[in-house]
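S.K.: Residues per chain, in single letters:
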Amino acid sequence: MNILIKGLVKEYEKVALSIDELFIEGGKIVALLGLNGSGKTTLLECIANFKGYDKGIIYYDGEEDFERVRNKISIMQQRPYIFNMPVKENIILGLRYQRLDTKIIEERLKKYNSYYNLNFLDKNAKKLSGGEAAKVALLRAVILERPLLLLDEPTANMDIEGTLMTEKLLKDINKEFGTTILIVTHDIFQAERIADIVIFMDKGKIIEMNTNEEFFNNPKNPLVKKILKRGEVND
Amino acid sequence: MEILEIILTSLYVSLTSTAIASIIAILLAVPFSIKDFKLKRAIYRIADSLMAMPPVVMGLIVFIILSKRGPLGELNLLFTPTAMIIAQMLLILPIIFVLTVRQIEKIAPTIQKNCYMLGGDYGDFLFLIINECKGEIFTSVTSGFSRAISEVGAVMMVGGNIKGYTRVMTTFIALETSKGNFKDALIIGLILLAISFLINIILHSLKGRETNEYIN
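Top line first, the protein sequences correspond to chains B and H.
Numbering of the first sequence is given in full-length UniProt numbering, commencing with residue 1 and proceeding in unit increments.
Numbering of the second sequence is given in full-length UniProt numbering, commencing with residue 1 and proceeding in unit increments.
Worth double-checking, as some hints may not be accurate.
To be verified - For lysine to any residue, the following SDA-like pairs were computed, each having C-alpha atoms within a straight-line distance of at most 25 Å:
hint : chain 1 : residue 1 : chain 2 : residue 2
1    : B       : K225      : B       : K51
2    : H       : K35       : B       : K225
3    : H       : K113      : B       : N124
4    : B       : K126      : H       : F125
5    : B       : K14       : B       : L35
6    : B       : K51       : H       : D36
7    : H       : K106      : B       : L35
8    : H       : K134      : H       : I34
9    : H       : K113      : B       : K225
10   : B       : K72       : H       : K134
11   : H       : K134      : B       : N124
12   : H       : K38       : B       : K225
13   : H       : K40       : H       : K134
The set of hints was computed from the structure by calculation and includes no laboratory data.
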């Protein structure tokens, strides 16, 4: 799914996000980097229509009306809301809403759970650790196989194995379905490992956007240069 | 035998009024919690104020509505258990509504957005919010029931305290006390207290221990 953003402004007490124009080509994995408060999450939530915005337009494959594309977008938030029900029901909830056949639901669950091998599918999801909850929330978003996947720091609470399996999962669905993936991360190396396009944000604006190779080998912006030299995106 | 009848009438009236008020209050509280509209604060404040409405005032209002010359006089509901249910239901409706709104308004928009993003509709959202907040909702319902079973003014006025028909525990206590029969009044008072405790324990055990929280 192509995303075209024009004149997007989101204000809280001050301007949190201000993007003149941004085009994200369908089928790409795009990493959003930036310091805390740079507007990454706000951008993701504006695209997912989780929060209204003050000005601007977002086109989804040329479609302006979000309601027409709602069922083509999945999101995993930074602090995912986990429902008070078993892990399995949390993961397949969206499939149940589609009234899919039980056999198809079970097949999808098996397919995507093979990445993490979660063996606590019957456990109440409210009792999970942060890393486990992140995996459940990610599977809940991925299992829908929608054309646009928005992920806000999906691996922040995961261990190395979980992180690497997540990256493999994202690459696999991107390859299989051509899923457009926007992933917010503080891990520069993760961005380098999986992204086709890297965007760097600062103070609500995009200060650098380039292909993976160009971004990491030939950064233009002084702040990006400094951060790449330091090796981590943290304050 | 009379005592058993009084207890059963009390339970029938209070449980029915609580059930009806709960359904209406929850169905109103959910959209109220997720939508912003012009008179929202005013409606909330009015409902909040109505929580403290004296039962006799509610009894008077329902009495006027159901009396022969009232708008619903033709239904002949005055001095029946149905009239008592109506009065109690109207009395506790604001209590359950306001307490439910207080409990769910912070979490409802998050659940709604997550539900809709997963492809759910309003019915799915309603199921999810009740499932997610059942503990909090039970607390509201318990508060409403406690108020219903313990009030005397409204049921006395619209029920008439008719022996074997509309006499409930609270009106029996009031009557026997006025006659100086403290022994019977005290026995029923203790039964009323025990039933209140029992119903509260049952509702709280249904509530469960899960709480809503974001997982980091």
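S.K.: Which earlier hints can't be squared with this structure?
M.R.: Numbers 1, 2, 7, 9, 10 and 12, in rising order.
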